[in-house]
Amino acid sequence: MTSITKPRVAHPSLPRNAAGLTRRDYEGAMSTLCAGCGHDSVTAAIVEACWGLDLRPEQLVKLSGIGCSSKTTAYFVGGAHGFNSVHGRMPSIASGANAANRELYYIGVSGDGDSLSIGLGQLAHAIRRNVNMLYLIENNGVYGLTKGQFSASADVGSTARKGDINQQPPIDPVLLALTLGATFVARSFSGDKRQLVPLIEAGLRHRGFALIDVLSPCVTFNDHEGSTKSYAFTREHYHAAVEADFVARHKEISVDYAEGTATSVQLHDDSQVRLRKLDASYDPTDRDAAYSYVAGKLAQGEHVTGLIHVDSSAAREFHDINETTEVPLNRLPYEQLSPGAAALAKIMGRYR
Amino acid sequence: MPDAAHAQDRLNDFVVRFANVNGTGSASANALVTKAIFRMGVPVSGKNYFPSNIQGLPTWYEVRVTREGHLARSGRVDLMLAMNVETYSRDVRDVSPGGFLLYDSTWPRSSLLAREDIVVLGVPFAQLCNEAFEGARNRILMKNVCCAGAVAALLEIELEVIRTLVGEQYAKRPKLVAANMKAIELGYQYAREKLPCPLPCRVARLDATRGHVLIDGNTAAALGCLYAGATIGAWYPITPSTSLMDSFRALCERYRKDPVTGRRNFAVIQAEDELAAIGIVIGASWNGARAFAPTSGPGISLMNEFLGLAYYAEVPCVIFDVQRVGPSTGMPTRTQQCDLLLCAYASHGDTRHVLLFPADPEECFHMAVQAFDLAERLQTPVLVMSDLDIGMNEWMCPELAWDDAWRPDRGKVLSAEQVAALDKFQRFVDRDGDGIPYRTLPGVSPKAAYFTRGSGHNQYGAYTEDSAEYQVVVDRLLTKFATAAKLVPQAVLTGPGPRPPSALGLVSLGSCDSAVREALALLAGHGVELDYLRVRAFPFGAEVDSFLAAHSTVFVVEQNRDAQLKSLLTLETRVDKSKLHSILHYDGLPIPAGFVVERVLAALGGAAARPAAATGAHR
Numbered sequence: 001m002t003s004i005t006k007p008r009v010a011h012p013s014l015p016r017n018a019a020g021l022t023r024r025d026y027e028g029a030m031s032t033l034c035a036g037c038g039h040d041s042v043t044a045a046i047v048e049a050c051w052g053l054d055l056r057p058e059q060l061v062k063l064s065g066i067g068c069s070s071k072t073t074a075y076f077v078g079g080a081h082g083f084n085s086v087h088g089r090m091p092s093i094a095s096g097a098n099a100a101n102r103e104l105y106y107i108g109v110s111g112d113g114d115s116l117s118i119g120l121g122q123l124a125h126a127i128r129r130n131v132n133m134l135y136l137i138e139n140n141g142v143y144g145l146t147k148g149q150f151s152a153s154a155d156v157g158s159t160a161r162k163g164d165i166n167q168q169p170p171i172d173p174v175l176l177a178l179t180l181g182a183t184f185v186a187r188s189f190s191g192d193k194r195q196l197v198p199l200i201e202a203g204l205r206h207r208g209f210a211l212i213d214v215l216s217p218c219v220t221f222n223d224h225e226g227s228t229k230s231y232a233f234t235r236e237h238y239h240a241a242v243e244a245d246f247v248a249r250h251k252e253i254s255v256d257y258a259e260g261t262a263t264s265v266q267l268h269d270d271s272q273v274r275l276r277k278l279d280a281s282y283d284p285t286d287r288d289a290a291y292s293y294v295a296g297k298l299a300q301g302e303h304v305t306g307l308i309h310v311d312s313s314a315a316r317e318f319h320d321i322n323e324t325t326e327v328p329l330n331r332l333p334y335e336q337l338s339p340g341a342a343a344l345a346k347i348m349g350r351y352r
Numbered sequence: 001m002p003d004a005a006h007a008q009d010r011l012n013d014f015v016v017r018f019a020n021v022n023g024t025g026s027a028s029a030n031a032l033v034t035k036a037i038f039r040m041g042v043p044v045s046g047k048n049y050f051p052s053n054i055q056g057l058p059t060w061y062e063v064r065v066t067r068e069g070h071l072a073r074s075g076r077v078d079l080m081l082a083m084n085v086e087t088y089s090r091d092v093r094d095v096s097p098g099g100f101l102l103y104d105s106t107w108p109r110s111s112l113l114a115r116e117d118i119v120v121l122g123v124p125f126a127q128l129c130n131e132a133f134e135g136a137r138n139r140i141l142m143k144n145v146c147c148a149g150a151v152a153a154l155l156e157i158e159l160e161v162i163r164t165l166v167g168e169q170y171a172k173r174p175k176l177v178a179a180n181m182k183a184i185e186l187g188y189q190y191a192r193e194k195l196p197c198p199l200p201c202r203v204a205r206l207d208a209t210r211g212h213v214l215i216d217g218n219t220a221a222a223l224g225c226l227y228a229g230a231t232i233g234a235w236y237p238i239t240p241s242t243s244l245m246d247s248f249r250a251l252c253e254r255y256r257k258d259p260v261t262g263r264r265n266f267a268v269i270q271a272e273d274e275l276a277a278i279g280i281v282i283g284a285s286w287n288g289a290r291a292f293a294p295t296s297g298p299g300i301s302l303m304n305e306f307l308g309l310a311y312y313a314e315v316p317c318v319i320f321d322v323q324r325v326g327p328s329t330g331m332p333t334r335t336q337q338c339d340l341l342l343c344a345y346a347s348h349g350d351t352r353h354v355l356l357f358p359a360d361p362e363e364c365f366h367m368a369v370q371a372f373d374l375a376e377r378l379q380t381p382v383l384v385m386s387d388l389d390i391g392m393n394e395w396m397c398p399e400l401a402w403d404d405a406w407r408p409d410r411g412k413v414l415s416a417e418q419v420a421a422l423d424k425f426q427r428f429v430d431r432d433g434d435g436i437p438y439r440t441l442p443g444v445s446p447k448a449a450y451f452t453r454g455s456g457h458n459q460y461g462a463y464t465e466d467s468a469e470y471q472v473v474v475d476r477l478l479t480k481f482a483t484a485a486k487l488v489p490q491a492v493l494t495g496p497g498p499r500p501p502s503a504l505g506l507v508s509l510g511s512c513d514s515a516v517r518e519a520l521a522l523l524a525g526h527g528v529e530l531d532y533l534r535v536r537a538f539p540f541g542a543e544v545d546s547f548l549a550a551h552s553t554v555f556v557v558e559q560n561r562d563a564q565l566k567s568l569l570t571l572e573t574r575v576d577k578s579k580l581h582s583i584l585h586y587d588g589l590p591i592p593a594g595f596v597v598e599r600v601l602a603a604l605g606g607a608a609a610r611p612a613a614a615t616g617a618h619r
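Residue numbers (the working numbering), protein chains in the order written: chain A, 1 to 352; chain L, 1 to 619.
The shape of chain A in the complex, shown without the other chains (with noise of 0.2 Å):
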């Protein structure tokens, strides 16, 4: 399969941006994931939030890992350099890209498989070197590319596909994230883009690491087996090949919610995901408060989302803490880097 390019026409009368683009102007490859994948939802959001943002195309930097969500930072901004990395291991590769320009705005996309699994020890050295970044993770809590096994985010007791039961404990990106000193910590839901717009146009201008971690079902592998709702009967028939074009175009999953109240969302697999709209008097630069609120609702089956945790006041990115100079090192000329012969005749004095 190649990729398929797509049809870019924009219409005149679309609305142009600060940088006198239109959101086609943001737009990237034509998708190649499951009709009514969350993830899509994920891309349209953060099209939004780069037109919102007046940012042109080239200053942006996409990087990702491998799964389903790494393949999605090829859907958006074609105008932007992409680096598809390998599983596990975008966060180097966006700390070195950031080391070497610093002035550029830097966007990884990448899974629950990805992250907490695979890459877990580079996600975690990422946000203690302060990256700054915006690191999204889709989290659908299942492997989508290899068809249906359980990610490190599944919770106990939840069912694969072909009903084998999740034993071991999840990890909690959000969790994770305000241990390990993280700046900037949100979750929202694919299907909530009114929220999940402002979140990543935030986590882009946040100087330092800002993750979004984003519940972004599964329409194809994260499914109940047995299910009355679930596309059960739909498997049964297609279960040998499951090809994206067997999949039905699903609605989008969408949901809204006034503040301060708890919602069920029905999940294309029949699981429940409780979302609960922080309320009004929260306070989210207290990282105590809200490692205790987040574990709290958790622990009562219950997603917290929004911006859980923001530090933008003492905030020290990575270059901030190396004190790297203002130029972006990769813009330094020669004649600034070396020290010229005579220096290196004068290093010899040493070593006579």
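To be clear, the hints were calculated from the coordinates, so they are not data collected in a lab.
Worth double-checking, as some hints may not be accurate.
Calculated cross-link-like contacts (lysine-lysine; reagent style DSS-like; alpha-carbon spacing at most 27 Å) [said to hold, decoys possible]:
1. L/K182 to L/K194
2. L/K257 to L/K194
3. L/K424 to L/K412
4. A/K346 to L/K486
5. A/K346 to L/K172
6. L/K486 to L/K577
Since the structure of chain A is provided, determine the placement of chain L on it from the hints.
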């Protein structure tokens, strides 16, 4: 007792071995003796055999004083400083016949007198230092310094030279100058009064070190990175490569701070592991900075996945592999050349990488610079294959010099203006027929944006699973590798010179060089003439094939068990492998010249040669 003829032989030509306990300050005392001899104009080579431990285990330091400038191990021990009780019996055994052994006679040991073919000398170092210094730790440290003083007397090292060196070393701590000189003089005076000074193995001033320095390969490589314009270093600490990044960081702190703002024109990133270290290097290089990671074999194992990505996605990347003994953790403080095959073909799938083989610190410096140029020119990983012997031991080599007219070769990177002039940017199209496409850096222009991926891609950079499109790209990578063979440093041919070409050839690489060159001279004395080719890079240039074709028998000298260089030659040249004969040294210590001589003579069946009496013993 040594006879007079033998004794005369060893003026400026002998080996001193210091047997110490690590963590007792022995390293600085050893270095003092080495440098003092060097300052007297006498060529010297220092090799450290140390344990993977911080304190309390045996460590040996060997100084070869060599008027001919032979830097390899000779295999002899003419003077043993037996300062470690734990290893006395072994140290006594290792002294060459006619040699000397000096020990701490605070506790006399009759067992040391078991050998009648060596001379045992005693100095009560502990007693002298206990009387002269306060504090247990200080007494231990000063004992080794005191020992250096006795050695100076025995070898006729000029005390004034030592005084200058101590003054330089502790320029900022004058109290330590006084204490150290007091200890030196204690040992020196005692030896002068009680011992037969000077010994037949002794130093006399020469003028053979002018224009040279004593430097280790890791420091030289760090200097190369500095002068190449590297701005980002990422690493995970691992012996024996750690000092490379330590040096780079120290040099940058001195030479890479903005004079006005004081901010850093560099970034050194200690990664969480080698996977991340190479990831940082790839990310930074992709984004247009010169970046590198020093590591050793275990780190290369972890970097394999990313090396394949950098090869296929065509991202520059410079890695230093300071090789140590494997497999697995192996012997981390011992030397080998055991990662050749691992690095040449690192990662899954069809991959081949550019390797450089420095033979000494001077080449570490120049090849570090070349590595960045090659990586960016070829858009591929380049691995500099140093080893512990080169990286951590001090070698005498010509002073490193720099040409201020030099500018880096940043390769085929299109500027914004060049992109604007293009009809369309196509990332992986071979426009020049050399297999090297054009790349752009993030931020340059939406028109030149491309998607870097390790998954199947066509020559325009788009994802593909189309067989033909896939093959166009991987076949072009072969063209690029052929281009690499023309750009890498050529192999160095030694011989035949005035004599007719020999039917016998010898191929080697890296740190074997000094042992091989000394061995060739010794073999010539046996009537055995060999032509010598030192390969300096992989892929091999045409000259390697020509050399192999021109010789009926070719010895391949290398420091690993499995004949990895021989394997590479067999796989990557047209040579008939039946004419390749391996000489393999892999005990973890640097290969001595005598070993090469013996193996060559043994392989030739002694027909062409006299017995190897003059080659010296080897362990």
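Against the structure, the hints come out as follows:
no.	hint	verdict
1	L/K182 to L/K194	holds, 18 Å
2	L/K257 to L/K194	violated, 54 Å
3	L/K424 to L/K412	holds, 16 Å
4	A/K346 to L/K486	violated, 35 Å
5	A/K346 to L/K172	holds, 19 Å
6	L/K486 to L/K577	holds, 24 Å
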